[in-house]
Amino acid sequence: MTVPTHSGIALSAREIHKSFGGKEVLKGISADVHKGEHIAIIGPSGSGKSTFIRCLNLLELPDAGTLDLQGERVFDADRRTSASSVRALRRRVGMVFQSFNLFATHTALENVALAQKLVLGRDKNAARKRAEEQLERVGLQDHMQKHPSQLSGGQQQRVAIARSLAMDPEVILFDEPTSAIDPEMRVEVLKVMKELAEAGMTMLMVTHEIQFAQQAADRVMFIADGEALATGTPQEMLVDPPHERIHRFVKAVSGVV
Amino acid sequence: MENYLDLAVDLLPGLRTSIYMALACLAVGLPLGFLAGMALNSQQRWLRIVVVIFVEIFRGFPALLTLYLVYFGLTNFLVVGRFTSVVIAFGLTSAAYAAEIFRAAIASVPKGQLEAAQSLAFTRVQITTRVIIPHVLNVVVPPIIGIAIITFQGTALAYAIGARELLGSAYSIGMTDFRVLEPLMVAAALYLVVTSLLSWMEILADRRVQRITGKASRRRSGSARKRLKGKTDDKTSKSPALAR
Ligand SMILES: Nc1ncnc2c1ncn2[C@@H]1O[C@H](COP(=O)(O)OP(=O)(O)O)[C@@H](O)[C@H]1O
Ligand SMILES: [Mg+2]
Chain Z
1 MTVPTHSGIA
11 LSAREIHKSF
21 GGKEVLKGIS
31 ADVHKGEHIA
41 IIGPSGSGKS
51 TFIRCLNLLE
61 LPDAGTLDLQ
71 GERVFDADRR
81 TSASSVRALR
91 RRVGMVFQSF
101 NLFATHTALE
111 NVALAQKLVL
121 GRDKNAARKR
131 AEEQLERVGL
141 QDHMQKHPSQ
151 LSGGQQQRVA
161 IARSLAMDPE
171 VILFDEPTSA
181 IDPEMRVEVL
191 KVMKELAEAG
201 MTMLMVTHEI
211 QFAQQAADRV
221 MFIADGEALA
231 TGTPQEMLVD
241 PPHERIHRFV
251 KAVSGVV
Chain U
1001 MENYLDLAVD
1011 LLPGLRTSIY
1021 MALACLAVGL
1031 PLGFLAGMAL
1041 NSQQRWLRIV
1051 VVIFVEIFRG
1061 FPALLTLYLV
1071 YFGLTNFLVV
1081 GRFTSVVIAF
1091 GLTSAAYAAE
1101 IFRAAIASVP
1111 KGQLEAAQSL
1121 AFTRVQITTR
1131 VIIPHVLNVV
1141 VPPIIGIAII
1151 TFQGTALAYA
1161 IGARELLGSA
1171 YSIGMTDFRV
1181 LEPLMVAAAL
1191 YLVVTSLLSW
1201 MEILADRRVQ
1211 RITGKASRRR
1221 SGSARKRLKG
1231 KTDDKTSKSP
1241 ALAR
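One line per chain: the protein sequences are Z and U, in this order.
Heads up: the first sequence at position 26 corresponds to 26 in my numbering, and the numbers run straight through without jumps.
Numbers given in my numbering equal positions in the second sequence, counted from 1, plus 1000.
FYI, nobody ran anything at the bench for these hints, they're computed from the structure.
Careful, some of the hints might be misleading.
In silico contact screen, one side only, chain U against chain Z (beta carbon under 7 Å); selected entries [unchecked claim]:
hint: 1; residue: Glu1056
hint: 2; residue: Gly1060
hint: 3; residue: Ala1063
hint: 4; residue: Gln1113
hint: 5; residue: Ala1116
hint: 6; residue: Ser1119
hint: 7; residue: Leu1120
hint: 8; residue: Ala1121
hint: 9; residue: Gln1126
hint: 10; residue: Pro1134
hint: 11; residue: His1135
Fair warning: this is a prediction, and the values are worked out from it, not measured in the lab.
Yeah, the Cβ is synthetic: ideal placement off N, Cα and C, and Gly gets one too.
Sequences and hints are given; from them, build the entire structure.
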């Protein structure tokens, strides 16, 4: 897969800074995600990958920096941010968490239909139909009436992906979507993500699955100590890393898998 | 045998009074406990302090003392009957216990679910009505049934101010011919029937919570079944709301 050249930029993050209690966790990270592009973020644990991803849908408010969606300024740390502008951004940016975070008291189908009704104002039947389609898309047509606790980790994560897809986001953020799943069930989630990538979904994903990143990512970004150390094609970054540090990291992570 | 059946029939009005009393206490105590539980999760420190004091007082006083204070105290100012006194006193007591249950239930909403709702652009009100309240209603049923059991048994204390609830009726029936043991035994059986029924409901509700959330509900004292197994998961929490 190559970087799409003619399409515009879906999401642009400029100089994102974030500190927790005086400790600077993000030291000015920027990223441009083109429409239809798939970027994998790798890096050691504690380097700020989750914080960065969470800043992109304002689960963390950046201390400094800006966010643009399709060229439109949707966040500026220097200006006042209203609750409704935060929600307006989140409507357009999907999020898939490491720990799935499904609503435990709702069935798989309700999990996927709920936000459509509440946030997008879709009527009951339309939301339900769309939810069924998306659950089918991730291979869960036989599990729609189950509660999350009755599903495996891999199945729960696929519901979470369907829940995000049903909102028609312009970009989906993934934060280590397979890290909390038993190894033998990761493949079903990775398969769904690969299909999404092939279907042209714009994706930004933190992942330790080097092989998956090689196959599905257009670009790979390495974050260390709150900074984007390097960005490049999977070939450049994973096969022949430009830094000793990245080389060591890739070797260590690949060794585990 | 027939004698016991007759006694049981004679005790039915008393049983009915006990049940009504308990229901009225819960009708006062549960909504109040829910509000108190919300307050204990509030950001407002003064509000938490006020509610913690309320909770500590009514959990600290023996229920009988609260009843005496209400019955003998309030009658100085207004006309309150025995039934009303019981409802006020035990309503407050059950509210104090329920507050802690609701506080824990509200605080136990998994953070990730709140974040998922946020990331889906839910409003605060939508998060409360669609994520927090369903979770609370789900996990709170078994421990609330536990409170109902204690409240029902507690109505026997109303005998001390002369109310004609189940225990009181049993005693006065016994006193007519000075054979108190039989009516007391029949009353005991009736208490047991009601509490066993509630215990059974508690177990069913607990199973449901486990099925949905995938884990056992947290409560102050274990269900009957767990007690039978000798397990207690009694986490006595000393004003955790203030610790934050
Ligand atoms: N809410 C928070 N409060 C305080 N420190 C935090 C918070 N979130 C993350 N951190 C700290 O920020 C650093 C980066 O964390 P994180 O973004 O989760 O890293 P990664 O996802 O790369 O493992 C860590 O040192 C972590 O302890
Ligand atoms: Mg992380």
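Are Glu1056 (chain U) and chain Z close enough, Cβ to Cβ, to be under 7 Å, as the hint says?
-> violated (32 Å)
How about Ala1063 (chain U): closest beta carbon in chain Z under 7 Å, or not?
-> violated (34 Å)
With chain Z as the partner, please determine if Ser1119 (chain U) meets the hint condition of a C-beta pair closer than 7 Å.
-> Since chain Z brings a Cβ to about 4 Å from Ser1119 (chain U), closer than 7 Å, the hint holds.
Classify the hint on Gln1126 (chain U) as holds or violated, based on whether any CB of chain Z lies nearer than 7 Å to its CB.
-> Constraint on Gln1126 (chain U) satisfied, holds at 5 Å.
Regarding the hint that Ala1116 (chain U) lies at the interface with chain Z, is the smallest CB-CB distance below 7 Å?
-> holds (4 Å)
Chain Z contact restraint for Pro1134 (chain U) - C-beta distance below 7 Å | holds (4 Å)
Could you check if His1135 (chain U) really has its C-beta closer than 7 Å to a C-beta on chain Z?
-> holds (6 Å)
Satisfaction of the Ala1121 (chain U) interface hint, Cβ to chain Z closer than 7 Å | holds (4 Å)
Should the hint that Gly1060 (chain U) touches chain Z count as held when the rule is a Cβ pair under 7 Å?
-> Constraint on Gly1060 (chain U) not satisfied, violated at 34 Å.
May I ask you to test the interface hint for Gln1113 (chain U) with respect to chain Z, counting a Cβ-Cβ separation under 7 Å as satisfied?
-> Gln1113 (chain U) check passes; min Cβ-Cβ to chain Z is 6 Å, inside 7 Å.
Let me know if the C-beta of Leu1120 (chain U) comes in closer than 7 Å to any C-beta of chain Z, holds or violated.
-> holds (4 Å)
When held up to the earlier numbered hints, the structure conflicts with 1, 2 and 3 and fits the remainder.
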